[in-house]
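All chains should be built: construct the whole structure from the sequences, respecting the hints.
Just so you know, the protein sequences line up as chains A and B, in that order. Position one of the first sequence corresponds to residue 45 (this note's numbering), numbered consecutively onward. Position one of the second sequence corresponds to residue 45 (this note's numbering), numbered consecutively onward.
Please note that a few of the clues may not be correct.
Repeated chains share a single entry, so a pair holds when one copy, or any two copies, can fit it.
As the list claims (entries may be wrong) - Cut-off 25 Å, straight-line C-alpha distance, at most; resulting in silico cross-link-like pairs (BS3-like, lysine-lysine):
| # | residue 1 | residue 2 |
| --- | --- | --- |
| 1 | Lys428 | Lys439 |
| 2 | Lys443 | Lys428 |
| 3 | Lys428 | Lys440 |
| 4 | Lys82 | Lys385 |
| 5 | Lys435 | Lys276 |
| 6 | Lys462 | Lys58 |
No wet-lab data here; the hints were simulated from the structure.
There are 2 protein chains.
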Amino acid sequence: MSDRLSAREVKRHKWWGWGLDDVTFRYDNKPAFPVLAKNKVGVDLDSQQPVVPDLSVFEIPAGRLPQEVRSGLTAAVGAENVIEDDEYRVIHSFGRSLPDLFRVRAGDFARLVDVVVYPASEEEVAAVLRLVLEQDLVLIPYGGGSSISGSVTPDVAEQRPVISLNLGRMREVVEIDDTAGLARVEAGVYGPDLEEQLNAEGWTVGHFPDSFTYSTLGGWAATRSSGMQSDKYGDIEDIVRGLRLVHPDGVAVTKPIPGRDSGPSVHEMILGSEGRLGVITEATVQVHRLAPVRQVIAYMYPDWEHGIRGMHAIARSTDVTPTFTRLSDGPETEFSLSMVKEPSSTKGRVAAKVQDGLFAYLRSKGWDTTNEMSISYVCFEGSKEAVEQQKALVKKIVKSNGGITLGAGPGAIYDQKKFDTPYLRDFLMDYQVFGDVCDTGATWSRLNELHARAYQAFYATQEEQGLPGFMFCHMSHSYHAGACLYFTFAFPYSSKQQALQQYYAAKGAVQQTFVDLGATVSHHHAVGTEHQPWITEDIGEVGTRMVKGLFADNDPGRNLNPGKVVSP
Amino acid sequence: MSDRLSAREVKRHKWWGWGLDDVTFRYDNKPAFPVLAKNKVGVDLDSQQPVVPDLSVFEIPAGRLPQEVRSGLTAAVGAENVIEDDEYRVIHSFGRSLPDLFRVRAGDFARLVDVVVYPASEEEVAAVLRLVLEQDLVLIPYGGGSSISGSVTPDVAEQRPVISLNLGRMREVVEIDDTAGLARVEAGVYGPDLEEQLNAEGWTVGHFPDSFTYSTLGGWAATRSSGMQSDKYGDIEDIVRGLRLVHPDGVAVTKPIPGRDSGPSVHEMILGSEGRLGVITEATVQVHRLAPVRQVIAYMYPDWEHGIRGMHAIARSTDVTPTFTRLSDGPETEFSLSMVKEPSSTKGRVAAKVQDGLFAYLRSKGWDTTNEMSISYVCFEGSKEAVEQQKALVKKIVKSNGGITLGAGPGAIYDQKKFDTPYLRDFLMDYQVFGDVCDTGATWSRLNELHARAYQAFYATQEEQGLPGFMFCHMSHSYHAGACLYFTFAFPYSSKQQALQQYYAAKGAVQQTFVDLGATVSHHHAVGTEHQPWITEDIGEVGTRMVKGLFADNDPGRNLNPGKVVSP
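The following block contains the structure:
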């Protein structure tokens, strides 16, 4: 056990965007990027000036914390862990959804949380929860604040004092059961911190969502997160075997035993509950020995359809068990190539020449190398022999589905860059360009139709709106029956007044396509408030009624993150 | 779609025991069995006379079905599917738990279901459910009637008319999605019928619980069943991807999409709900292509501890993925050997000689071949090459953990006999001997302690009771973090008056040990009423309260299989 961080040592986002203050997206070394930005969304990066947000220009409404509540919170966690600073309240009042980021930059501070509280133990969480129920307050658990679904954002109409409960001081690996491969971990631990503590003992959880650097174990469990290595390590519902939840009636404990068989699953009621049943304080997770060898190999298919056939063949094969499999469609491949840095070394220039030669060869074979090719990445882990054997088998599968193997070089580049994408969204917003994502789970039999229909829906909407736009997609998270499609889109909004309306039109068209085709409203971005318009189409009328009943029964006063998942 | 069976064509158990009327356990060709029975539980099979139950000696109370309800049921499903015969009512009033079997043989018919109804469609189920709610009746869904936890047994104190809803006419594979590997299947299909329909199209579900011949898909889902091949195919919660449940407010539908991310899982509330939320009418299940090669190989370890180390090494290995792995402890191995038939052919006699020679050799190596050796079975499926490769790897793992490979012969015998065990329990009861099981899930780190403590608890209880007894155990269902321990015990009760009390003392001592050591009250036999004494220790105070709230909210009138899982 290391020493507890103080509240102010807990890491936090910049107030207006993703992650660290001094990290931003740069394009000066990516010559193809401004060309793509100009062609696809009509933005001239060189002539336009980025906007730099400044918190001091805004008036920040004072918090509404009654003295009695302040005293109670201070008694529960200590004065230094009860923070009412403006910047803290701003940061904790918004997740990192596009509407949240747009609103925070616009100084739309109509309803901020009133206080940020940093407990250091389950007992302190319980004390805060008791106070919340006694005083009829609102409690919003806060992990990494990376929700893109509105899960940590208070309701603008909320009249009661709102507490944001930041779990960031609860970050310890409590215990590792080496024999069972299980680790008890406090819920507030961030991804990198968790892996660092476990790696030191030779273990890994293997959970790497895009938000990894700014998301926590408790947040993953509360929102049913999936990591990019879910093919091997499973989604968070496979990884988290036991939970501790501070609930209005006490601490709910689910045992970390595989093969549960004791009625309806309490564990699976807590997973995805987004703070509506209480506060997750601890999870027992499966851990795995670090693999001796890890390699990411890149492949190229002539187009999406060939790629999907290859991906499905890999998923179906009982002989190969990759750590992850990922396929970018034509537009995403084009986008990825635009992000390649200008070679700064002889080696890099040689590699660029090799790529030029390869593309010329593929064109001679009839491939369209502008925007049809689909790049794929597959990750292998294990002993040297197992990795070599699996690579050989996958190479064969790729080939028999019309693809070629590019090798470990581009794979390694992908692997290094994988957590950087969120910074790009902030950068684009500086230029009045919205960039966002929609993800869904679907069966293998519907993937191609869904892919085509989502594109149609997006571009038809943009045409109606009279706006340019650019969309691309990848497939990841393979399962027996299906996979996740993950769409990214970008467009310049026409004015601040119309911006969110234009955003919801575009995003809504894609989400509606998902549920219309029987896919899920989200594969791994939870419901929050942003996906609620489709929740009933996703889980059905009766399912919605069952979930509402669950929340009403456990939190009749609507004190626990009210309005999230389903409302009222 | 084949034609619907009529109600009377649906298969049913003999009224007093397991399965078909004309199938019983025989020991005349198993010379070691009566010796074991005499030594371990003091029963002289040759001198005692078995009891043959006779229904006609009992008075069967008339059903309490009001004419109005009868008319409503007839309108819903047709008169020929509303059966009030005595024998049908008796069969449907008891599962196949030991107390149920003891009571049914004793003519303990204080409360029988009043009618058995056979719907043929979701609409008919919905019509029956409407009637149940309108008239304040009690509805008990009935699949194969194989529950050993009391899940289909009406409460003796129930004053309202009780309907047993037999789903056996709803047995069709509705649709197979070849691309996604998903099959939509009506919930009333029995195991063998399901596999036959799927095998005809080249598919298998791979779910083979011990109750396979007398259990149904809907029953598996409603009780969180596990099959013996769960290592490869998963437990029923992994296999069933989508459900349709006729619920008081309509039909709840969970989408068969992998990677669910829409709040608390409605799907996982329905799984294990034992009829308390409504009637499961359909499930969408993962199906797999039939493996070209399937082999069961037997291994022998000098004792349980060596065997567990071998099993854990196989589970941990990322190189091998067996279909099942199973390890019998010393007493179970001794029991299995007692069940071997007397060789009736030259080949059989040669095999027996070979075994004698092997055992002599093992004794010369210091093994105790009487009751310490632990036999293990591992099943391999796949291409010929993959099976050979996996067999070689497992052989190596077994050897490095002190075991030896016996080969495919004993493995094949195990595989053929695997569904016969339930008949043995009825046979023993003819001799006033109780035989029953307790199963639990636990982590690898607790398996040996749990194994030892369960034995202590059982034998200490038998000593207190002044009764002989015999217990044995196997490990199956391997997971990353743990496995299932499955105990079987037998003892002669001293009198009919004391029989159930003696049974509950023995079983209760073992179950209590499970929860005391943090293991689950049951791995795959559900809760029903029999496991309720430990449900709160298993899922906790808060969890119990959450499950009670779920049932109360969805079924405020307690019309749906009341009293099961949690009570009230």
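Here is what the structure says about each hint:
1. Lys428 <-> Lys439: Both, since 16 Å and 22 Å are each at most 25 Å.
2. Lys443 <-> Lys428: both (22 Å within a copy, 24 Å between copies)
3. Lys428 <-> Lys440: Both, since 19 Å and 19 Å are each at most 25 Å.
4. Lys82 <-> Lys385: within (18 Å within a copy, 82 Å between copies)
5. Lys435 <-> Lys276: The answer is both: 15 Å in one copy and 23 Å across copies each meet 25 Å.
6. Lys462 <-> Lys58: within (20 Å within a copy, 62 Å between copies)
Hint compliance for this structure: every hint is met.
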